[in-house]
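J.: Put chain B on the given structure of chain A with help from the hints.
Chains as they are written, first to last, in the numbering used here: chain A, 3 to 231; chain B, 711 to 854.
Hint data in this document are derived by calculation from the structure and do not stem from the laboratory.
Do not take every clue at face value.
Derived coverage of chain A by chain B (criterion: at least 3 residues anywhere in the stretch with Cβ under 8 Å from a Cβ of chain B; other residues may be distant) [to be verified]:
no., region
1, 116-126
2, 157-165
3, 195-205
4, 212-222
With a straight-line cut-off of 30 Å between C-alpha atoms, the simulated DSSO-like cross-links for lysine-lysine are [as the list claims (entries may be wrong)]:
no., chain 1, residue 1, chain 2, residue 2
5, B, K731, A, K180
6, A, K179, B, K824
7, A, K99, B, K731
8, A, K180, B, K740
9, A, K217, B, K740
10, B, K731, A, K179
11, A, K180, B, K848
12, B, K731, B, K760
The model shown is predicted, which means the values in this text are computed figures rather than measured ones.
Just so you know, even glycine gets a beta-carbon here, dropped at the ideal spot from N, CA and C.
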Amino acid sequence: MMVSEYSALSTSTSFISPIDTTAFWLIFARAQLSEKSEPTFSCFEGEMLKMDIAGNKETELPVGTFQFVIESLKHVVTSDSDKSFTPPESFTTTLLKWHDHCSGKREQTLTDILSRLLGLLQSDPEDDEYVVPSDAAVSRTSDILIGASTFREREIPLAAVSASDEGDVRTEWLGEKKQISLVVPSNEEHRAYIFHEDQDGYGIEWNVSSDVLAKFLDWFESKSQSEWT
Amino acid sequence: MTERLDPVPCEELLHRLLRNKTHVDAGSGKALPAAFHRRPTESGLSVDLKSLRTVEESCSSLRKVFGVVSLHTGSVRDVSTVQGTTGERINLEVVHDPVDHTDKPNPAHTLICKVPLREENLAGAEHVARMLSLQARKVAMPRE
Numbered sequence: 003m004m005v006s007e008y009s010a011l012s013t014s015t016s017f018i019s020p021i022d023t024t025a026f027w028l029i030f031a032r033a034q035l036s037e038k039s040e041p042t043f044s045c046f047e048g049e050m051l052k053m054d055i056a057g058n059k060e061t062e063l064p065v066g067t068f069q070f071v072i073e074s075l076k077h078v079v080t081s082d083s084d085k086s087f088t089p090p091e092s093f094t095t096t097l098l099k100w101h102d103h104c105s106g107k108r109e110q111t112l113t114d115i116l117s118r119l120l121g122l123l124q125s126d127p128e129d130d131e132y133v134v135p136s137d138a139a140v141s142r143t144s145d146i147l148i149g150a151s152t153f154r155e156r157e158i159p160l161a162a163v164s165a166s167d168e169g170d171v172r173t174e175w176l177g178e179k180k181q182i183s184l185v186v187p188s189n190e191e192h193r194a195y196i197f198h199e200d201q202d203g204y205g206i207e208w209n210v211s212s213d214v215l216a217k218f219l220d221w222f223e224s225k226s227q228s229e230w231t
Numbered sequence: 711m712t713e714r715l716d717p718v719p720c721e722e723l724l725h726r727l728l729r730n731k732t733h734v735d736a737g738s739g740k741a742l743p744a745a746f747h748r749r750p751t752e753s754g755l756s757v758d759l760k761s762l763r764t765v766e767e768s769c770s771s772l773r774k775v776f777g778v779v780s781l782h783t784g785s786v787r788d789v790s791t792v793q794g795t796t797g798e799r800i801n802l803e804v805v806h807d808p809v810d811h812t813d814k815p816n817p818a819h820t821l822i823c824k825v826p827l828r829e830e831n832l833a834g835a836e837h838v839a840r841m842l843s844l845q846a847r848k849v850a851m852p853r854e
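One chain only, chain A, in its complex shape (with noise of 0.2 Å):
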C-alpha cells in the first residue's frame, strides 16, 4: 500500500481511526529515517496525534502494520494527554524488529504478545510503586519471543505479560497443567530464566534463548493444548 493510498483506507475502513495516522508515520519514518532521528509524538485536540518527523517517502506497509502500531500506542499514550510523547528506545526498536518479522505474516498472537509487551513501557502517575521495566529487559524479551516464533512452525500461543515489583519483564504461557514463565530482569546483575512446571515437577531454565524457548512451546502444547485457561 502506498501512502498516497493511506486517506482512502482511513475513510473505507472502520478499523482506522485518527490514531492511525501517528502509528503510520511511526513505522514509515522508523524505516525510511537514519537512526539518528528520533520521532516525537504530540497530543492535541484530546484525540488526535501528530508525529514530527522529517524527510516522508513513500513505502509499501501491509495492513497488519496499523493494528499492532495501533494498539502499542494505546498502551503508551493516553488520549486525553496533552504533553508530548518520546517513546523509549526499546519502544521503536521493538516496533522494527516486529515490522521485519511480521510483515505480511500471519503473526496475531506474535502481535499481540509484543504490544502488551509495550505497554509495559507505560508508567502511571497515580501508581508510584509501578516499576518500568528497563529497556534492555524489553528488548531482549522481543527478541527472544521474535526469535522463537522462527523456529516453530506454528503461532506462538498467546502469553500474559506483566511486570514484577523489580520491573523483571514476565511472559507467561498458563494452563491448569503446564506453566511456562521467561523472566527477563531490569537489573543487569541478575540472570534471565526460563521456570517450567506441570504435575510431575516443576525447575529453572538458565540457558535462554529463542529455540529453547521454542522447544517449551512445544513441549507446553504437545499435552495441553485442551487445557489452556
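T.: Just chain B now, kept in the frame of chain A:
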C-alpha cells in the same frame, strides 16, 4: 486491641489487593503469578480476612488498587514447596496479624507465611506463586 484469630479457620476467605496494574491479566482479568511473590522486606504476603473487613474498606486503605482476589485459607495451607537446602516439604501457613499501632489500623490484616523468597529459593517461589494464582478468584471492585 484486636483479638487474634489463632489459628485462622480453614473456611475463612482472604482478600489480596493487587497494587501493580500489570499483575491483572489483560485477557482474563485473573491475577498473574507475579502478584504472589514475596518481597525481601516482607515477612509474608499481606491479605485481609473477609470476615473482619469489607472489600470497600480494604480498597479505601490504599491509594490505588487494580484488582482484588479471594483465596480460601484451607486451600492456601495445602500449598507446599520443597526447601532448597534440606529437601524438607513445607506448607504455607496463614497467620492473623492485626495492625493496631499505626495511623491506619487494620484488624483484618493477615499474613500468608512460609512463602519462599525468590532470592533464596527461586523455583519454590515461582511454584508457590503459580499455585496461589490458580486458586485466586476475582472479586468485584467497589465501583465495578
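J.: Work down the list of hints and note, for each, if the structure agrees.
T.: Results of checking the hints against the structure:
Figure legend: the region 116-126 of chain A, annotated as covered by chain B; annotation consistent (4 residues with Cβ-Cβ distances under 8 Å, at least 3 required). Coverage of the region 157-165 of chain A by chain B holds in this model, with 5 residues showing a Cβ closer than 8 Å to a Cβ of that chain against a need of three. Only residues whose beta carbon comes within less than 8 Å of a beta carbon in chain B count, and the region 195-205 of chain A has 5; three or more means the coverage holds. Against chain B, the region 212-222 of chain A contributes 0 residues with a C-beta closer than 8 Å to a partner C-beta. That does not satisfy the three-residue criterion, and the hint is violated.
The suggested pairing of B:K731 with A:K180 holds, with an alpha-carbon distance near 24 Å, which does not exceed 30 Å. Between A:K179 and B:K824 the alpha-carbon distance is near 24 Å, which keeps this suggested pair within the 30 Å criterion. With a CA separation close to 26 Å, the supplied pair A:K99 and B:K731 stays within the 30 Å bound. With a C-alpha separation of about 16 Å, the suggested pair A:K180 and B:K740 falls inside the 30 Å cut-off, and the hint holds.
With a CA separation close to 27 Å, the supplied pair A:K217 and B:K740 stays within the 30 Å bound. For the proposed pair B:K731 and A:K179, the alpha carbon gap of about 26 Å is at most 30 Å, so the pair holds. Restraint check for A:K180 and B:K848: the C-alpha separation of about 21 Å stays at or below 30 Å, so the hint holds. For the hint pairing B:K731 with B:K760, the CA-to-CA distance comes to about 22 Å; that is within 30 Å, so the pair holds.
In terms of the numbered hints stated before, the structure departs from hint 4 and from no other.
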